[in-house]
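Dock chain B against chain A, hints included.
Each protein sequence line maps, in turn, to chains A and B. No gaps in the numbering here: position 16 of the first sequence is 140 in our numbering, and each next residue is one more. No gaps in the numbering here: position 127 of the second sequence is 251 in our numbering, and each next residue is one more.
Take the hints with a grain of salt, since some may be wrong.
A pair counts as met if it fits within one copy or between any two copies, since identical chains are not told apart.
[Stated by the list, open to error] Mimicking DMTMM-like on lysine to aspartate or glutamate, the simulated pairs with C-alpha atoms at most 20 Å apart in a straight line are:
1) 147 - 262
2) 142 - 185
3) 299 - 185
4) 128 - 221
5) 299 - 289
6) 283 - 185
7) 299 - 187
8) 299 - 286
9) 299 - 158
10) 191 - 232
11) 140 - 194
Hints are computed from structural coordinates only; laboratory data are not their basis. Treat the numbers as computed from the prediction; the structure is a model and nothing was measured.
Number of protein chains: 2
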Amino acid sequence: MQCKKALEEAGGDIEKAKVILRKQSSAIASKKADRTLGAGVAAAYTHAGGSVVAAVVLACETDFVSKNPEFQKLAYDIAMHVAAMAPQFRSREDAKEDNMQVAREVFEKEVANVPEAARRKAVEGKMDSYLRERVLLEQPFVKDASITIRGLIDSAVQKFGEKIEVVRFERLSVK
Amino acid sequence: MQCKKALEEAGGDIEKAKVILRKQSSAIASKKADRTLGAGVAAAYTHAGGSVVAAVVLACETDFVSKNPEFQKLAYDIAMHVAAMAPQFRSREDAKEDNMQVAREVFEKEVANVPEAARRKAVEGKMDSYLRERVLLEQPFVKDASITIRGLIDSAVQKFGEKIEVVRFERLSVK
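Isolated chain A, as found in the complex (with noise of 0.2 Å):
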């Protein structure tokens, strides 16, 4: 229903399409941001041989959308997802600021050389990157690089029309 929608929307481009759907996920994830997180899921993927085990929570509003196997599958996916991608902070905000002021520092020693009105920038430019690649909300979901975790998560929103959010998640490496 929705793709056919968008499809006309889009003037019958498919790639435009695409777009118009993700917008619109995005918004009803945000439209169900206030609701209540009552249940959830708690999955684990460990890699061949045991080096690596990875799990996490992911909640959602009802038992009846975490007992389903497609919401089940997601949360085995985004723990194959950490245990491979091996994300430091579950979103932007989650960053510790002493984290991030160590390699704040490190940038301000890298971009020394760079003009000083361009300075600032250029720093900013690299904490963003820095940031892209450790936030797991972030980061491009490692079975499907043309979607973020956040996209995934909000495609499942608009799926199973409830709130869902990864609470928590861990990785535990041999070495």
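Chain B alone, transformed into the frame defined by chain A:
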């Protein structure tokens, strides 16, 4: 071999022989305490339905041991134990002082009516059982309450001939 010797030493008394063996394995474990943990395995246990996930890293000295299915089973069993018993600390040394302070204050209130001479001992007794319940290594193993997790690891040290340690554990639950 070891069992036969212990049985002889105990004059055929199986219970006595068990105590002797346990003492020996603990002695062997402490002899290996300064060796290097160069290998290990990460294992995860998911509780039925995905309400709880527990993960541990069980470290040893060589890949020869870490690839042993019995060693991997031990890591999985400890993960299952963590899911079931929800330990808060790995060892007494890992129990943070601020956490302890809160418990100590509660216990001090509880024994306010105990005569002053006995009060300190009463608090220490309460602290001891508080920790014994929450420290992974001191908890009775969920699959065999006759042995603690430390005892379980000590026997593995004896069996595999390497230093073995739980270096990290995490427990993630939905609620």
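Item to check | Intra- versus inter-subunit Cα pairing at 20 Å for residue 299 with residue 289 | outcome: between (29 Å within a copy, 14 Å between copies)
Checklist entry - How would you label the pair residue 128, residue 221 (within, between, both, or neither) given a Cα cut-off of 20 Å? => result For residue 128 and residue 221, the Cα distance exceeds 20 Å both inside one copy (45 Å) and across copies (60 Å).
Checklist entry - How do residue 140 and residue 194 come out at 20 Å by Cα distance, when the copy is not named: within, between, both, or neither? => result neither (26 Å within a copy, 54 Å between copies)
Checklist entry - Between the shortest in-copy and the shortest cross-copy C-alpha distance, which are at most 20 Å for residue 147 and residue 262: within, between, both, or neither? => result Within. Shortest intra-copy distance 16 Å satisfies the 20 Å Cα cut-off; inter-copy 53 Å does not.
Checklist entry - Are the CA atoms of residue 191 and residue 232 at most 20 Å apart within a copy, between copies, both, or neither? => result neither (48 Å within a copy, 45 Å between copies)
Next on the checklist: One pair to classify: residue 299 and residue 286, alpha carbons no more than 20 Å apart. Within, between, both, or neither?
Outcome noted: This pair counts as between: shortest inter-copy Cα distance 17 Å, intra-copy 38 Å.
Checklist entry - Taking 20 Å as the upper bound on the Cα-Cα distance, should residue 299 and residue 185 be classified as within, between, both, or neither? => result Between. Shortest inter-copy distance 12 Å satisfies the 20 Å Cα cut-off; intra-copy 37 Å does not.
Item to check | Up to 20 Å CA-CA - residue 158 versus residue 299, copy category | outcome: Between copies, since 18 Å is at most 20 Å while 40 Å is not.
Next on the checklist: When Cα atoms must be at most 20 Å apart, do residue 299 and residue 187 count as within-copy, between-copy, both, or neither?
Outcome noted: For residue 299 and residue 187, only the inter-copy Cα distance (12 Å) is at most 20 Å; the intra-copy one is 37 Å.
Item to check | Intra- versus inter-subunit Cα pairing at 20 Å for residue 142 with residue 185 | outcome: Neither: 27 Å inside a chain and 51 Å across chains, both beyond 20 Å.
Checklist entry - Is the C-alpha distance from residue 283 to residue 185 at most 20 Å within one copy, between copies, in both cases, or in neither? => result Only inside one copy: residue 283 and residue 185 sit 13 Å apart there, 48 Å across copies, limit 20 Å.
Comparing the model with each numbered hint stated earlier shows that hints 2, 4, 10 and 11 do not hold.
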